[in-house]
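Student: Here is how the chains run, residue by residue.
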Amino acid sequence: MRSVLKTLASLRLTMAGLAALIINCVAISQWPEAALAWVVLPLSVLAANLFAALIVRHAFRHQAALLMFHVGLLAVLMLVAAGVLLRFEGSVELVEGEAFDAGGVTARGTGWLHPDRLERVDFTQGPLEVHYRSGLQRDTTHSRVVMGRQDDGAIQRDFGDREGFTAQGYRFMTTFNKGYSVLVLWRDTAGRESLGAVNFPSYPEFDWKQANDWVTPAGETLTLELQLAQRVPEDSPWTLSSRGIRYEVGVAGDGRTRETIGPGQPIAVAGGEIEIVDLRLWMGYRIDYNPLLPWLLTAAFLSLGALAVHMAQKFRAAGAAQTVAVSGSEQAA
Amino acid sequence: MSMAAERTTLVAAVTGLAVVLLLDVLLRRRGKSSWPAVSGILLVVLALLTLAVAGRWLRESQGPFLTLYDVLLSNLFSLTLVYLLAAWMVPALRASSGIVVAFLGVLGAWSLTVSAEAVPLPATFDNPWLWLHVTAGKLFLGLCLPAAATALWLLARRKTAPAEGGEMDAAVWLTLSLAFVCHSFMLIAGAIWAHSAWGRYWAWDSLETWTFITWLCIALLLHARVTFRRMPVSYGWSAVVAIFGLAVLTFLGVPFLSVAPHKGVM
Numbered sequence: 027m028r029s030v031l032k033t034l035a036s037l038r039l040t041m042a043g044l045a046a047l048i049i050n051c052v053a054i055s056q057w058p059e060a061a062l063a064w065v066v067l068p069l070s071v072l073a074a075n076l077f078a079a080l081i082v083r084h085a086f087r088h089q090a091a092l093l094m095f096h097v098g099l100l101a102v103l104m105l106v107a108a109g110v111l112l113r114f115e116g117s118v119e120l121v122e123g124e125a126f127d128a129g130g131v132t133a134r135g136t137g138w139l140h141p142d143r144l145e146r147v148d149f150t151q152g153p154l155e156v157h158y159r160s161g162l163q164r165d166t167t168h169s170r171v172v173m174g175r176q177d178d179g180a181i182q183r184d185f186g187d188r189e190g191f192t193a194q195g196y197r198f199m200t201t202f203n204k205g206y207s208v209l210v211l212w213r214d215t216a217g218r219e220s221l222g223a224v225n226f227p228s229y230p231e232f233d234w235k236q237a238n239d240w241v242t243p244a245g246e247t248l249t250l251e252l253q254l255a256q257r258v259p260e261d262s263p264w265t266l267s268s269r270g271i272r273y274e275v276g277v278a279g280d281g282r283t284r285e286t287i288g289p290g291q292p293i294a295v296a297g298g299e300i301e302i303v304d305l306r307l308w309m310g311y312r313i314d315y316n317p318l319l320p321w322l323l324t325a326a327f328l329s330l331g332a333l334a335v336h337m338a339q340k341f342r343a344a345g346a347a348q349t350v351a352v353s354g355s356e357q358a359a
Numbered sequence: 004m005s006m007a008a009e010r011t012t013l014v015a016a017v018t019g020l021a022v023v024l025l026l027d028v029l030l031r032r033r034g035k036s037s038w039p040a041v042s043g044i045l046l047v048v049l050a051l052l053t054l055a056v057a058g059r060w061l062r063e064s065q066g067p068f069l070t071l072y073d074v075l076l077s078n079l080f081s082l083t084l085v086y087l088l089a090a091w092m093v094p095a096l097r098a099s100s101g102i103v104v105a106f107l108g109v110l111g112a113w114s115l116t117v118s119a120e121a122v123p124l125p126a127t128f129d130n131p132w133l134w135l136h137v138t139a140g141k142l143f144l145g146l147c148l149p150a151a152a153t154a155l156w157l158l159a160r161r162k163t164a165p166a167e168g169g170e171m172d173a174a175v176w177l178t179l180s181l182a183f184v185c186h187s188f189m190l191i192a193g194a195i196w197a198h199s200a201w202g203r204y205w206a207w208d209s210l211e212t213w214t215f216i217t218w219l220c221i222a223l224l225l226h227a228r229v230t231f232r233r234m235p236v237s238y239g240w241s242a243v244v245a246i247f248g249l250a251v252l253t254f255l256g257v258p259f260l261s262v263a264p265h266k267g268v269m
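If you're matching them up, the sequences are chains H and E in order.
The opening position of the first sequence corresponds to residue 27 in my numbering, with each subsequent residue numbered one higher.
The opening position of the second sequence corresponds to residue 4 in my numbering, with each subsequent residue numbered one higher.
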């Protein structure tokens, strides 16, 4: 067993592992979408090599800082691997006043061991504001959410671009992707009503094409086009918000003459009528989940501190040896 | 400070670098120590670069992070400062001053050819970890430069003056090891900043990948030194020079060639 560990702990294997990882990282720079596949094998070899070295290599026993650095490095590798298995990455668009629904989340990456708790996330999107500096430079974002239900002690949270907010371990971050949305009331011929939202493309990035298709419950495809009374000022600060905006909505569709309606004006469509109720903002959130990040950070900093101490000790010893050598040669002279 | 005054200050600093290089060559040819004159004029160059960086910072109300010009100007400042400090503390690094100044001169001349127009820093990027990340990166490159310059100097003189190696060789490995510590901190601080600015701590974008490759190359070299103790010293010096070349390509090339989100953010 010990001889196997000694073979596994070989420095030459460390070098081979590092060289393989370098080559694979060069490949990743060309094909980043397959990054995980490229690094799994060399990192596994390096982790096994390091684990074996920590057990059998005597050099570590005499150099506590070097030992700490490598233990920290091994911990970082383990935590990164565990984080990949537990992680979740996704996105969701929420309209002001809309309650979060896990069904609306688009997942971009889910670890094999991810404990799916998105269903337990419970909050409602409050008012949104995005401030712009002169020249349409995006400045700060302000989002308010209400966590929980009103009847069992709701908590209001305000946050922006930098901090995000966390619910059930999922971190929600605002993004540059946001825009206007209209609340549309659908009323069928029997008088039954349902309310929904139609999100328009990101604003002000796509201010020139604020249109989106919507299929009514009766199956007719309508194209809604948002027409804002005022244009975005490019030479002065400006705030994107849904309050105090004058607007109309153009309604078009196959075989239908284009009509323009304001809020509260119903328009007849196939199988019923629609009415624009209100103008809101929607925000595109990025969602991520990795409960091991604080531990990863701790391990990384411990490892770095140990490396710094090791280097300091090493070069202090080298400096002392050089001083002894110089004074020795001076005495001989 | 106006843009025109900033450019004039930069031109003066680059001219100062040319003067330093000329003096260095002339004094060495006459067999005299060039360090007092070189360090004196480099201090003046550093003062001019400090003025240019500070003037730009005050005018634009943001640090020099985004454009190629920002990166070149701030690196000129940090490389000069770190070299002066390193050479003051480790005298063995002074011999390669000509190589260091020539490299700074090339960066200076390059900075005069690119647009100095500022680009506003996105609000999401403005985070204390950005400062720590960039500072650690500049310390890394600043320590790599004298290590590579001294290694190159040793390579050039290994046949004519082989006895000079000992102390300078130690200085090469000292600065490279310190650079490795700074590089490690840069990776950690960058990951924290990216997690805040972009919602992920690592995404394998071009700059992240090539920075990690540089870190791995240094780790490989440090392990090679322990594994192959009888390896000719010139192999190690050549590797140090190659790593510096890789670091320069990574820091000054990749961010401006890639279309990844890291583009231009230094």
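Simulated from the structure, these hints should not be mistaken for lab results.
Please note: incorrect hints may appear among the correct ones.
When the alpha-carbon atoms are kept at most 20 Å apart in a straight line, the in silico SDA-like pairs for lysine to any residue are as follows [claimed, not checked]:
(1) H:235 <-> H:297
(2) H:340 <-> E:116
(3) H:340 <-> E:32
(4) H:340 <-> E:216
Between beta-carbon pairs, the in silico distance windows are [claimed, not checked]:
(5) E:161 <-> H:57: 47 to 53 Å
(6) E:245 <-> H:257: 52 to 58 Å
(7) E:58 <-> H:125: 36 to 42 Å
(8) H:222 <-> E:58: 53 to 59 Å
(9) E:123 <-> H:215: 42 to 48 Å
A virtual CB, placed ideally from N, CA and C, is assigned to each residue, including glycine.
Student: Next step is simple, just say for each hint if it's right about the structure.
Tutor: To see whether the hints hold, each was checked on the structure:
For the hint pairing residue 235 of chain H with residue 297 of chain H, the CA-to-CA distance comes to about 28 Å; that exceeds 20 Å, so the pair is violated. Pair hint residue 340 of chain H plus residue 116 of chain E does not hold up; C-alpha atoms about 43 Å apart against a cutoff of 20 Å. The straight-line distance between the Cα atoms of residue 340 of chain H and residue 32 of chain E is roughly 37 Å, outside the 20 Å bound, and the hint therefore fails. Between residue 340 of chain H and residue 216 of chain E the CA atoms are separated by roughly 25 Å; this puts the pair beyond 20 Å, and the hint is violated.
Checked against the hint of 47 to 53 Å, the C-beta distance between residue 161 of chain E and residue 57 of chain H comes to roughly 41 Å, which is inconsistent with it. One distance hint, 52 to 58 Å for the beta-carbon pair residue 245 of chain E and residue 257 of chain H, holds here, with the actual separation near 55 Å. The beta-carbon spacing between residue 58 of chain E and residue 125 of chain H, approximately 52 Å, falls outside the hinted interval of 36 to 42 Å. At about 55 Å, the beta-carbon gap between residue 222 of chain H and residue 58 of chain E stays in the expected band of 53 to 59 Å.
Here the CB-CB span from residue 123 of chain E to residue 215 of chain H is close to 54 Å, at odds with the stated 42 to 48 Å.
The earlier numbered hints that this structure contradicts are 1, 2, 3, 4, 5, 7, 9.
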